[in-house]
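Q: Chains as they are written, first to last, in our numbering: chain U, 1 to 274; chain B, 1 to 325.
Don't read these hints as lab results, they were simulated from the structure. It is possible that part of the hints are untrue.
Where chain B lies over chain U, by a calculated footprint (3+ residues, C-beta under 8 Å) [stated by the list, open to error]:
(1) 10-24
(2) 93-107
Calculated Cβ distances over 12 Å to all of chain U for the following chain B residues [to be verified]:
(3) T25
(4) E30
(5) S72
(6) S94
(7) E123
(8) T140
(9) R180
(10) A181
(11) A189
Every residue, glycine too, gets a C-beta built ideally from N, C-alpha and C.
The lines below spell out each chain.
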Amino acid sequence: MWGSTVAELIKLVRRPANWGLLGIAVALSLTFGYFIPLAGVSGAGGDAPNSDRGLDAILPDQLVGNSLGGLPVFLGAILLVVGALALGGEYGWGTWKTVLTQQPSRLIVLAGKLCALAGSALVFVLTMFGTGALTSWAIALAKDAPVVWPSATDLAAGLGAGWLIALMWVSLGALLAIVLRGLALPIGLGLVWLLVVQNLVISLAAPLLDWVDMARQGLPGANAGSLAASLGASGSTPGVGEFAGSGQATLVVAGYLCAFVGLGAWLLSRRDVL
Amino acid sequence: MSDAPPPGEHHAGTMTVPVETTELTKRYGEILAVDRLNLGVRPGEVYGFLGPNGAGKTTTLRMLLGLVRPTSGGVRLLGRSPGDLTGVGALIESPGFYPYLSGRDNLRVLARHAGVGAPRVTEVLETVRLTKRSGDRYATYSLGMKQRLGVAAALLKDPRLLVLDEPTNGLDPAGMADMRALIRRLGAADCTVLLSSHLLGEVQQVCDRVGVIARGRLVAENTVAELRGDTVLRMVAEPLELAASTRPRTAGGRPGAGGRGRSRPDGGVGTCRGDQRRAGDRGRRGQRASPTGTRPGTGLLRTHGVPSDRGERRGRGSHGNSGGS
Chain U
1 MWGSTVAELI KLVRRPANWG LLGIAVALSL TFGYFIPLAG VSGAGGDAPN SDRGLDAILP
61 DQLVGNSLGG LPVFLGAILL VVGALALGGE YGWGTWKTVL TQQPSRLIVL AGKLCALAGS
121 ALVFVLTMFG TGALTSWAIA LAKDAPVVWP SATDLAAGLG AGWLIALMWV SLGALLAIVL
181 RGLALPIGLG LVWLLVVQNL VISLAAPLLD WVDMARQGLP GANAGSLAAS LGASGSTPGV
241 GEFAGSGQAT LVVAGYLCAF VGLGAWLLSR RDVL
Chain B
1 MSDAPPPGEH HAGTMTVPVE TTELTKRYGE ILAVDRLNLG VRPGEVYGFL GPNGAGKTTT
61 LRMLLGLVRP TSGGVRLLGR SPGDLTGVGA LIESPGFYPY LSGRDNLRVL ARHAGVGAPR
121 VTEVLETVRL TKRSGDRYAT YSLGMKQRLG VAAALLKDPR LLVLDEPTNG LDPAGMADMR
181 ALIRRLGAAD CTVLLSSHLL GEVQQVCDRV GVIARGRLVA ENTVAELRGD TVLRMVAEPL
241 ELAASTRPRT AGGRPGAGGR GRSRPDGGVG TCRGDQRRAG DRGRRGQRAS PTGTRPGTGL
301 LRTHGVPSDR GERRGRGSHG NSGGS
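Please put together the full structure from these sequences, using the hints given.
A: So, in structure tokens, the structure goes:
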């Protein structure tokens, strides 16, 4: 399986689209996590979202929450695309047959892909933390604010939670690509769910209907938002909120991750490669 | 090529049977793509798997390689169960590679999957004469280069069995000639080749033995020369009664189809041997002429939709888009 993992890592690293997505993720994270609040502090934020958070919210001691805030929705959408690209591209280019005729079994190839995606998801989360740390440090210096970093425990918990959420979205993208045996439709449907349907359910329907409120507690996005909130993410960030306890949120997100991977593996091993 | 078969291989006598299918069947809903196919490829031969588009060739090859699950029946490659592709290289339909990687990097990725060292990548690139362009992105390759890269990928594992599905599809005449020469070279070495094609001329040029598939069934299996025997071929192509009633007589006044030949209701291969029939006809007529008035050597193959050499030349422009079955 190590050979397949290395092969998939080579493909992920050499694919320009992945670097483009990482760049977009960094830009989104810094813009909504730091630059707009900073503009609000300077009085230039207007009515932009997060512009009223104040200087304290973007200093280094808030690094964990700020780095996790985008994962339930916007960064999650980008990670879903990464997962769909990694699996869906194989269908689009007809490369499944090329790879599988080289000997490895389908499950070994899938395991290699998931390991490579897990590595890339960790790099993704580390990048969010790294760029956030750099930016908050620069802001603190510029504003003569104290530079106090989160504890190692908080950082580790934040990284772990961020990685877990990232893995869940990546595996959802991969699963959709396997189910729909393509690239465009999985990305389209995944984004519609993540950016539209889930937000409507969480923000609009749940406060009005009790049964939707109950169902919300089982949704992947709501639990990702709860996990992020429990580690300090701002409640004003889309998708972030205390819909469930941190323990339940962790279990549900991990459960979805296992379910997505298991279902994907089952389908891939059962279906014909056409 | 590897010398000794790995442990656990199934042997027929003292030789491992490279390809063996038993009553292999694949059904897609109402469509019977492959129908109780019994195929046997001998060690060291170049076996042509001949049939028109849609006959079931690609589906059969996909089942051999474990890409498609058979509805029923069995498959053994190099004596092993399906899914174990040790010693097997394959190119199925059009080659599929990652367009953002170079040809060499594509092969490196595949070599990682196969557990093959990097030097082998250089070797196979040289074998298919692609070394000069190996650093260019795959997306910039011509169709011929893509096909050659596909063959290079199939050769990565230094296979004892090579499965090639219409490897000359979309190639220009020079590219076809190059590809066929390469297949002949591989076949001359210690490698068994299973070559799928819908082109009679191609199979005739490179293969030792041919199996003809039509509507998912193996309708004939023999050497190319035998299969081109016109008398037996015409005889089995059309039942006597139908031929007598419908076919116009030729200029010589002969019946248009098969004369006394026995035929099977399903149009399959009969029991008469072509050379015996041919000898009889020649004796009666005192000349070497096709009893059916058609061009000699293409009867059965034409009947089952296999283009002749002439058809191949005419059809070259569209081969690049021909789909597999």
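Q: Output the numbers, in ascending order, of every earlier hint that fails for this structure.
A: 6
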